[in-house]
Amino acid sequence: MLIWLVGGCGPKASGPAHSSHPLREQADAQLKLVANFDFGAPLSPIRDERRAKAADLFLQSCASERDVSSCVWTASLSRPASSAGHGDVTRLQAATDVLAAQCLAKDEAACRAFDGALGQAHADYSADPSKLCAQGLAAACYASSQWDASGKQRRNLLDPEMLTLLTKACDLGDPHACNVAIDVASGKSEPVEIPGLRDKLQKAATARCKLGYSISCHAVTPIDRPRTSDAATQGCSAGYLQECDSIIYPDGNDDLVEQRKGRACSLAGLGCADLAAVVTDPLKKRDALEHGCQFGTAEDCVSLVKGYRTNAFAEPVPRRANSLVDYLCRPGGNADRCADVKP
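Under our numbering, the residue at position 36 of the sequence shown is numbered 31, and the numbers go up by one with no gaps.
Please keep in mind that the hints were generated in silico from the structure rather than gathered at the bench. Hints are not guaranteed to be accurate.
[Unchecked claim] Heads up, simulated DSSO-like pairs for lysine-lysine below, C-alpha to C-alpha not over 30 Å straight-line:
| id | residue 1 | residue 2 |
| --- | --- | --- |
| 1 | 183 | 126 |
| 2 | 101 | 198 |
| 3 | 126 | 147 |
| 4 | 27 | 126 |
| 5 | 183 | 147 |
| 6 | 301 | 279 |
| 7 | 27 | 48 |
| 8 | 301 | 337 |
| 9 | 198 | 183 |
| 10 | 48 | 279 |
| 11 | 101 | 183 |
| 12 | 198 | 279 |
| 13 | 101 | 126 |
| 14 | 279 | 337 |
| 15 | 279 | 27 |
Predicted, not measured: the structure shown is a model, and the values here were computed from it.
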């Protein structure tokens, strides 16, 4: 079994530092357990429960110590709203509240973390991000452009407030909001100053890229590959697992690609199928898919069953394929994926 190390590799992270205290130490210890799994153990949701427990411990550290790094890990280990479980949306909102207060106090590390946490939470955001938007937090304005808290529903393109809020978020320096505003404005019949939005997009993306926002670096024209790669590498090491998959690598650095993708896959089940597609070693392909399967991605389980049946992968324990079929076809399992693997 191959485990991609929690500590990562490459340059030391320049993300939010944390002081050592008991809650953080407990969270770090639990995080190490998340990446481990036993092929011989019965398949169950326990792997995902370990992830949720680690996220809960990081949230306690985030809330009690105002530790931005712990807040980052809380968000990274919590599922986005579209697939939330284990109270993940509630956890994201709690971390977001802490980060918002820190960001308003001019903590740039907290502002970066706030953008990511709110980005995951806004789809089911029960609080009112418009209040934080009024205080000048760009990510909150973007969230408000997507989520109408008063009506407790998603906004659609016909909502006149969408473009207004996107433009405000863009003016406050959110390049993603600028990009979405351009798309929305392009579909309007009335004249809109799209070139102005494009200029704002470049200025905002350049400014945020210099601060280490790797996603923003991708929007800069022309793209600065070394800066983008460095920012994403450091962000990945600091706990921004969503950035592990967005790194631009120099040619020939396949090991770094594998280790960064492996970090997100083994700790949160993110991008495991993508990792399996990148690595060439059949054992590494298998283990990447095993990580994804045990984190709850049924499609990865299906890929494993097919691989075991065709001998593309070696079964780590006898009857592994049969165990996966039983897991997918259990009462309350995934009926569609069960149909994919039934003999």
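A quick look at each hint next to the structure:
no.: 1; hint: 183 / 126; verdict: holds (27 Å)
no.: 2; hint: 101 / 198; verdict: holds (20 Å)
no.: 3; hint: 126 / 147; verdict: holds (15 Å)
no.: 4; hint: 27 / 126; verdict: violated (37 Å)
no.: 5; hint: 183 / 147; verdict: holds (25 Å)
no.: 6; hint: 301 / 279; verdict: holds (16 Å)
no.: 7; hint: 27 / 48; verdict: holds (12 Å)
no.: 8; hint: 301 / 337; verdict: holds (11 Å)
no.: 9; hint: 198 / 183; verdict: holds (24 Å)
no.: 10; hint: 48 / 279; verdict: holds (27 Å)
no.: 11; hint: 101 / 183; verdict: violated (36 Å)
no.: 12; hint: 198 / 279; verdict: violated (41 Å)
no.: 13; hint: 101 / 126; verdict: holds (17 Å)
no.: 14; hint: 279 / 337; verdict: holds (25 Å)
no.: 15; hint: 279 / 27; verdict: holds (19 Å)
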